[in-house]
Amino acid sequence: MYEYTEKIREIATRLLQDKMVDGVIGFRKGTIPMVNNPVLIKHSEQVSQLYWDSWCGVNLANYLPKFQGKVAVVAKGCDSRSIVVLMMENQISRDQLYIIGVPCKGMLDRRKIWDAVGDRGRDVTDVQERDGVLVVAGRGFSLELERDKYLQDNCAICTHRNPVLYDELVGEMVPEQQVDRYEDIRAIESLPSEKRWEYFQRLVESCIRCYACRNACPFCYCPQCFVDESKPQWVGKTIDPTDTMTFHLLRAFHLAGRCTDCGSCERACPMGIKVRMFTKKLEKDVKELYGYEAGVQLGERPPLDTYRPDDPQEFIK
Amino acid sequence: MSWLRLTKEGLTEWLRKFEKTYRLYGPVWTGSYHEFKLLQDPEEIDWDYRNTRLSPKSLFLPPAEKMFIYSLDPNDPERAILKEASKDFDPRIIVGIRPCDAYALKLVDKNFITPQYQDPWWLNRRENTIFVGYGCTEPCSTCFCSSVGSGPFDTKGLDVLVVNVDGGFAISFVSERGKELLRKEPLGARALSESEERSLQDKMAEARAAMPKLWDEKAVANRPLLDIFNAPFWEEVQFSCINCGTCTFLCPTCWCFDIQDEVWKERGCRVRLWDSCMFPLFTLHASGHNPRSQKLQRVRQRFMHKLKYYVDKYGDGVACVGCGRCVQFCPVNIDIREVMRLMVSHCQCAL
Numbered sequence: 001m002y003e004y005t006e007k008i009r010e011i012a013t014r015l016l017q018d019k020m021v022d023g024v025i026g027f028r029k030g031t032i033p034m035v036n037n038p039v040l041i042k043h044s045e046q047v048s049q050l051y052w053d054s055w056c057g058v059n060l061a062n063y064l065p066k067f068q069g070k071v072a073v074v075a076k077g078c079d080s081r082s083i084v085v086l087m088m089e090n091q092i093s094r095d096q097l098y099i100i101g102v103p104c105k106g107m108l109d110r111r112k113i114w115d116a117v118g119d120r121g122r123d124v125t126d127v128q129e130r131d132g133v134l135v136v137a138g139r140g141f142s143l144e145l146e147r148d149k150y151l152q153d154n155c156a157i158c159t160h161r162n163p164v165l166y167d168e169l170v171g172e173m174v175p176e177q178q179v180d181r182y183e184d185i186r187a188i189e190s191l192p193s194e195k196r197w198e199y200f201q202r203l204v205e206s207c208i209r210c211y212a213c214r215n216a217c218p219f220c221y222c223p224q225c226f227v228d229e230s231k232p233q234w235v236g237k238t239i240d241p242t243d244t245m246t247f248h249l250l251r252a253f254h255l256a257g258r259c260t261d262c263g264s265c266e267r268a269c270p271m272g273i274k275v276r277m278f279t280k281k282l283e284k285d286v287k288e289l290y291g292y293e294a295g296v297q298l299g300e301r302p303p304l305d306t307y308r309p310d311d312p313q314e315f316i317k
Numbered sequence: 001m002s003w004l005r006l007t008k009e010g011l012t013e014w015l016r017k018f019e020k021t022y023r024l025y026g027p028v029w030t031g032s033y034h035e036f037k038l039l040q041d042p043e044e045i046d047w048d049y050r051n052t053r054l055s056p057k058s059l060f061l062p063p064a065e066k067m068f069i070y071s072l073d074p075n076d077p078e079r080a081i082l083k084e085a086s087k088d089f090d091p092r093i094i095v096g097i098r099p100c101d102a103y104a105l106k107l108v109d110k111n112f113i114t115p116q117y118q119d120p121w122w123l124n125r126r127e128n129t130i131f132v133g134y135g136c137t138e139p140c141s142t143c144f145c146s147s148v149g150s151g152p153f154d155t156k157g158l159d160v161l162v163v164n165v166d167g168g169f170a171i172s173f174v175s176e177r178g179k180e181l182l183r184k185e186p187l188g189a190r191a192l193s194e195s196e197e198r199s200l201q202d203k204m205a206e207a208r209a210a211m212p213k214l215w216d217e218k219a220v221a222n223r224p225l226l227d228i229f230n231a232p233f234w235e236e237v238q239f240s241c242i243n244c245g246t247c248t249f250l251c252p253t254c255w256c257f258d259i260q261d262e263v264w265k266e267r268g269c270r271v272r273l274w275d276s277c278m279f280p281l282f283t284l285h286a287s288g289h290n291p292r293s294q295k296l297q298r299v300r301q302r303f304m305h306k307l308k309y310y311v312d313k314y315g316d317g318v319a320c321v322g323c324g325r326c327v328q329f330c331p332v333n334i335d336i337r338e339v340m341r342l343m344v345s346h347c348q349c350a351l
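Line by line, the protein sequences are chains A and B. Per our numbering, residue 1 is the first one in the first sequence, and the count goes up by one each step. Per our numbering, residue 1 is the first one in the second sequence, and the count goes up by one each step.
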């Protein structure tokens, strides 16, 4: 995917020189391995900062709500779906956007690299990628890993790698995967309710309430989040299990029928909590009940935004 | 500094002698990161650890702490009287703390222990805690303690310093409290030989040299505050920030807290919670006005507080110890080292 870098720079240069946009939102190379830094490029002489590799997991649609002016944005499949949702929710309009679409082979998960390197948090100082092989190095070690085994969990089961909406693509479309997205969710669904509760309680027990999951999400753009409201105070602010769980459940429910499983929440969590397990269950429900996938079809109103007399209602008891 | 030499077993055995009189805390592997935990046995300490995911500040300033409890029962004669919630001030030893993290607590002391006000809980915990630090012979690639007034073997916040050497540890008792420990429980250790001492010094020099020098304290300290405050680079720094609390919550020197009342029926408690200058709510006034309503203002605040306001107010260096946690875990790779570089180059230019 390195060749995308050149193409992104070329497109950005043209857009900025022709004054088609006020800025280009993309990535620049991170200051540490395995994470890149979102950047807004406003002048064509800065485009050489733009960069692309397998560590561009941040969903750049997060920078679009309330954006003033016209902007180009580099968008993977999941980012493009988020853009569609944001457009439907009137957070950005199509004529403000120039979408530089990136056919994506999946972003990588640095936690999995850390696990592979082993030795309880050994310092990875360099990661190179060539022909599907990662060379991961640090003080006194260097090992080769097969790239595709280290995808982010959401990327491994992604069925929309190609942008669903774009003005220009940076490369050929990639083949879409045929995968079972919900194997893990079914396993949890099959548990008795107290086991499920236990599972989710254990899932969030290390939460520090930093709200990285919320803030990394392109759809958490409310001017005031429910956790920050004090009249009434919907949820306690401590790390008591009840407060933490209330936050996570409400956050997830707020994303029902909207989440595109971009994985931003999970990759942002400093404690490594698999917060997607909440949103994925809701995604599965929405798909099964309404046959709806968020952000795939522009113009199709989301199911939780519409009422039809024949809406399924067996779950109302 | 004088050093003694002992084996890992010898050190564990010595620490075990304090189990009855102190609670022992140390870095333990949780399955995906290291964390300071109450030890059942000092053998649980992972001496191969680099640093803990969360700083040990939570042992002094818990993320959520009950300060007071009260009753709102109209028939209770003590209605609405705040009573201090019970707290644990038992003496403890934190073993294996990194020098940067221990130094960080000293920086936070300046906020919680002033001539005018003393935070009783912070103060009590500080006074009841002894630090057996663990020197960093292999600093992480994100470490920069040497640049910010600390170092991989900095003893400013420590009572005892342990450094790993081939086949065991070198140990030095650096404070009165550390020496007191040694008097209480003698240690089965011998002095370092001349060649061992030399190789220890070499190892320490190598670790110090492994870290870059990236801060010019004088240039930034001498520059007028408003000139840095209004510098154009903040616009660039702030763009990618998502205003989560990761940097502040992981930071060993971020001390800000919020106070909330939690009431259920006729019982209430007042809790102190970690807060973050990244959150818009942090500065929201009751009037509805928010002096830091914009992301740029909040991002600038965090860096300016650590690297300029603190320096100007206390005249004792920056409020950053170079542990690198925020560098490693910022979800969008905002790197304080890069911000320091931008500040320094701005301040080195003529006004």
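It is possible that part of the hints are untrue.
[Claimed, not checked] To give a feel for the contact side, a few chain B residues facing chain A, derived at Cβ under 8 Å:
1. Asp46
2. Trp47
3. Asp48
4. Arg53
5. Pro63
6. Thr137
7. Glu138
8. Cys140
9. Asp227
10. Cys244
11. Gly245
12. Arg270
13. Val271
14. Leu273
15. Val327
Read the hints as simulated data drawn from the structure, not as lab findings. In this text, all values refer to a predicted model and were calculated from it rather than measured experimentally. In this text, a Cβ means the ideal position worked out from N, Cα and C, and glycines have one as well.
Hint by hint, which ones does this structure get wrong, listed from lowest number up? Numbers 2, 6, 9 and 12, in rising order.
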